[in-house]
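Colleague: One line per chain: the protein sequences are W and H, in this order.
Take 1 as the starting number for the first sequence in my numbering and just add one per residue.
Take 1 as the starting number for the second sequence in my numbering and just add one per residue.
By construction, these hints were calculated from the structure, which means they are not laboratory data.
Treat each hint with caution, since some may be false.
Where chains are identical, the list cannot tell them apart; a pair therefore holds if satisfied intra-copy or between any two copies.
Unchecked claim - 20 Å max Cα-Cα, derived EDC-like pairs, lysine to aspartate or glutamate:
hint, residue 1, residue 2
1, Lys-436, Glu-351
2, Lys-354, Glu-413
3, Lys-128, Glu-102
4, Lys-438, Asp-7
5, Lys-438, Asp-366
What you are looking at is a predicted structure, and each value in this text was computed from that prediction instead of being measured.
2 protein chains.
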Amino acid sequence: MQTVTFDSAHIHPFVSPDEFTAVRQEAFTAQQSLFRATCRGNDFLGWLDLPLQADFAGIRQAAEELRACARYLVVIGIGGSYLGARAVIEALSSSFRHPDGEGMQVLFAGHHIGEDYYAELLDFLADKSFALCVISKSGTTTEPAIAFRLLKAYLEQQVGRDEARRRIVAVTDAARGALHDLAQQEGYRTFAIPDNVGGRFSLLTPVGLLPIAAAGFDAEALLAGAAAMRSLCTDCPDNPALRYAAARTALYRKGYSVEILANFHTKLHYVTEWWKQLFGESEGKEHRGIFPAGADFTTDLHSMGQYIQQGPRTLMETVISVSSPCRRMAIPHDPGNLDRLNFLAGMRVDEVNKMAELGTRIAHIDGGVPNMAFRLPELNAHTLGQLFYLFELACGISGCMLGVNPFDQPGVEDYKNNMFALLGKPGYEQASRDIKIKLENSGTL
Amino acid sequence: MQTVTFDSAHIHPFVSPDEFTAVRQEAFTAQQSLFRATCRGNDFLGWLDLPLQADFAGIRQAAEELRACARYLVVIGIGGSYLGARAVIEALSSSFRHPDGEGMQVLFAGHHIGEDYYAELLDFLADKSFALCVISKSGTTTEPAIAFRLLKAYLEQQVGRDEARRRIVAVTDAARGALHDLAQQEGYRTFAIPDNVGGRFSLLTPVGLLPIAAAGFDAEALLAGAAAMRSLCTDCPDNPALRYAAARTALYRKGYSVEILANFHTKLHYVTEWWKQLFGESEGKEHRGIFPAGADFTTDLHSMGQYIQQGPRTLMETVISVSSPCRRMAIPHDPGNLDRLNFLAGMRVDEVNKMAELGTRIAHIDGGVPNMAFRLPELNAHTLGQLFYLFELACGISGCMLGVNPFDQPGVEDYKNNMFALLGKPGYEQASRDIKIKLENSGTL
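Let the sequences and hints guide you as you build the complete structure.
Modeller: Shown next as C-alpha cells:
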C-alpha cells in the first residue's frame, strides 16, 4: 500500500525529545479515550468507525442515476456539508474545466448568501441540464435553505415538478427535520446523516461520498484509504495521527499559537480549508486553541513568506506535499538562455518544486519556525482517504489533550441568533426587541 | 462620488478613546513622513503618486490589440505581479465563466511550480487562441521564468515565431534584466515597472493595469478611484487610511496579534489575498507584525466562526462589505413552508446577507473581538481603486508606526537561496556544498 507519511523530526530543537516523549504518552491516553468512548463529547464518536461501513451500493446507484439524468450537479451545503466534498473533488479534478468534457460537473451553492452569485448561477444553468444534491441535517440552516428554495423552484420551472423530483437527492436526518419532511412529502431519494457524527467529521458519510461519486471519483477508494489509516492507528502508540497531535500540542504549550498548513500542490487548497474547519471548530473554545491558517506554496511564499521567515516567532508550519505528479512535463532547453534557466533544462517541473519545498523547510526551520510534514505518495482517492482520517483522529486527540470538548460548536449559534432577531424570525420576538435597543445605543453599527 | 467608508467605532472598549487619539497623532506623523519621504525605505515611495499618472493610452492600445488577436490571455507572474490583477479581475467577473462568452478570458500561470497544472493548462490551450502577458522585474524569478519558457515555446509551436512575438507583451524593468533583454531581442511590446515601486505596491502600474484592461475592465476608473482616495487622504488627519492604521496599531499594542480580513461578498476573496501580501510582507519582519488572515463570510462562519467567537482573545476582525449588489434576486414564497423561510419571502437575498453581517459583528464584538469595517457603496473599478489606495497608504503608515522598513522583504530570499543551492544553480557552488553537508546531518529532511 502507498502510505501517507508524517515527519515530526523538525519540531526539535523547539521541543526537546524528552518533552515530546511525555506528550506522546498523553496523546496515547487521549487516543484510547476516543476508541473507548470515555472522552468528552463521547456521543459524537461515530466518525471513528465510518471507514468500516460496507453500505455503498445505494450511493453508487444514486450517483449513477444523477449522472444519467443531468450534466451539472449543484451541491447545496455549508461548513461540514460542503468542504469535504469540495476538497476531494478539487483535489482530483483538472485545473481547467473543459466545457465540452465528459461526465458530471459539480457546482456548489448554499455556502453563503451572495445575491450576485445566485443570479449568475441561474443565468449559467438556464440552458443546461442540472440536478440538485441538498445536504442539511435540519433543513433550516439559512444559507442552504435559501439556495435550495431558489434552485428547486428554478429546476421545477425548467423540467416540471415530476422530473425535478427525480433530479433531487436529499442528505439529511434519518427521522426528523424540515428537509426530511419535505423529502418524504415530495418523494426525493434520501440518504441519512448519522446522529453521532458532527458536520466537520461527516466526509465519509453520504454528505461527502455522494457528491464525490456523482463527480465520477472513486469514493470507495476514499473509504478504503480511511480504513487503512484506521488500521494503522488503532491503539498503536507510534501512529502518524498520534504523533501529529502530540507534536502540535507540544509546540502550542511552548507558545506557538498559529499553525500554517502549507501545501505544495495546487489542488490541495480546499483540503486546507477543510482542515481549518476541522481543527478551528474543534479546538477554538474556552479561549483556547491553535489558530489554523492556510497557505498554498510556492504561490504564498511570495505573499506570506516574508512574515513566516521573519515575523513574530509564534508560528508552526505543517507541510503537505505529493511525491509524484500525475502528469509529466520537463523544462525545455533554450539556446539563448537569457532567463538563465538552462541549468534546469531537461528536469521535470516537479523536481524544481521539490527543491523549493526542501529549501523552504530548511529556511523556515533556520528562521525559527518548527516544521512538520505530511507526504502523499500520489494524489488519489486512497491517499486522500488516509489523510482525512489521519487528520480527524489527530484532531480528536488534540482536542482531548487541550481539555475541551472537540465535538461541539456552541459559538456558531451566536451570529445566527442575532441574524434571526434582526430578521424578525418567528420565535425571536424578545430577542428582536433586545437587539434593536442594543443597536440604538451602539452608534454606528 | 460614491466613497468607501471606514468604521472604527467598535475598537472600543478594547482601546480607550484617549489611547486612540494618541495613536492617531502618531499615525498623522507617520503619514507626513511618507508624503515628505522622510520615512524608512523612502526610495520605494513611487506608489504614493501612481494615481496621478496620465499615461494610459499605451496600455489601452495594447489591451485592445491583445483582445483583437486572441480569446485567452495567460498572465504570467507571482506575488505582487499576480495578486493585484487577479483581485480586480475576480471582483469584477461573473462567478461562472460562459465558455462561449464574449471578450478575453484571463488565465494565470507562473504563480507556482505545479507540473500537473502546466500539463493541464497546455491541454486546455491546445485548441484555443491565446496570448501571453509576462510580468517580472528581473525575468529570472523561478516560477514565472519556468512558466514563460513553457508557454512561449507552446505558443511559437502553435502560431509560429512571428505571430507569437505579436501576442507577447512583457512588463519588466525599463533598462535591464533578463526579460528586458529578451523582449528587446524578440521585439515584444514592453511596459516598464517603475524602479521606486515595490511588487506589492505595483497594482496601479502596467503590472495590474494591463491585465485588467485586457480582461475588459475599466482600469482608468480604477486609477480615478485611487486618485480620489489620495485626495481624500492627503495630509488630512481624519482620513480612513490613517484611522485604519491607527486602529489596528492600537489593538496590536494591546496584544491583538492576528487580524482577520473578512469579506461579505463572494468576489472579494482575492482582494483579501492581495491584502495579506501587502500587510504581511510589509510588517512581518524583525519578529514583529500583525498576522494577516482572511475569511470569506458567511461561508467561513461555518468553519472559522467557532474559533473567532470563543477561541483565544488575540483576534481583531476587519469586515469588508458591499452596500448594493449588481443583480437583483428575491426569496420566493413557498406555500408549504416546510423550511420555515416564509418570514424571508419577498426579501432580497442581500438583505439577509446584511443582517448576517450585522449579527456577526455584534456577536464577535460581544465575544471579545474588536471590529473594524469597510463599506464599498458598489463593487466596481472606482470603489476598488479607492480601497486599494486606502490599504496601501494604511500599510505604509502602519509599517512606519511599527518601526520597520515597510518597503523591503529581505526574508523572501532565504528559501530561494536554498532552492538554488539544491538545484546547483551556477554561482551557488559553495552554498550547494554547504547545504548538502547540512542535509547529511539533518536526518529526515
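Colleague: Taking 20 Å as the upper bound on the Cα-Cα distance, should Lys-438 and Asp-7 be classified as within, between, both, or neither?
Modeller: The answer is between: 18 Å across copies meets 20 Å, while 51 Å in one copy does not.
Colleague: Please work out whether the CA atoms of Lys-436 and Glu-351 approach to 20 Å or closer within one copy, between two copies, in both situations, or in neither?
Modeller: between (60 Å within a copy, 17 Å between copies)
Colleague: Regarding Lys-128 and Glu-102, is the shortest C-alpha distance of 20 Å or less found within a copy, between copies, in both, or in neither?
Modeller: both (14 Å within a copy, 19 Å between copies)
Colleague: 20 Å Cα cut-off: does Lys-354 pair with Glu-413 within a copy, between copies, both or neither?
Modeller: between (43 Å within a copy, 17 Å between copies)
Colleague: How would you classify Lys-438 and Asp-366 at a CA-CA limit of 20 Å: within, between, both, or neither?
Modeller: Classified as between; 11 Å across copies, 51 Å inside a copy.
Hint violations for this structure: none, all hints satisfied.
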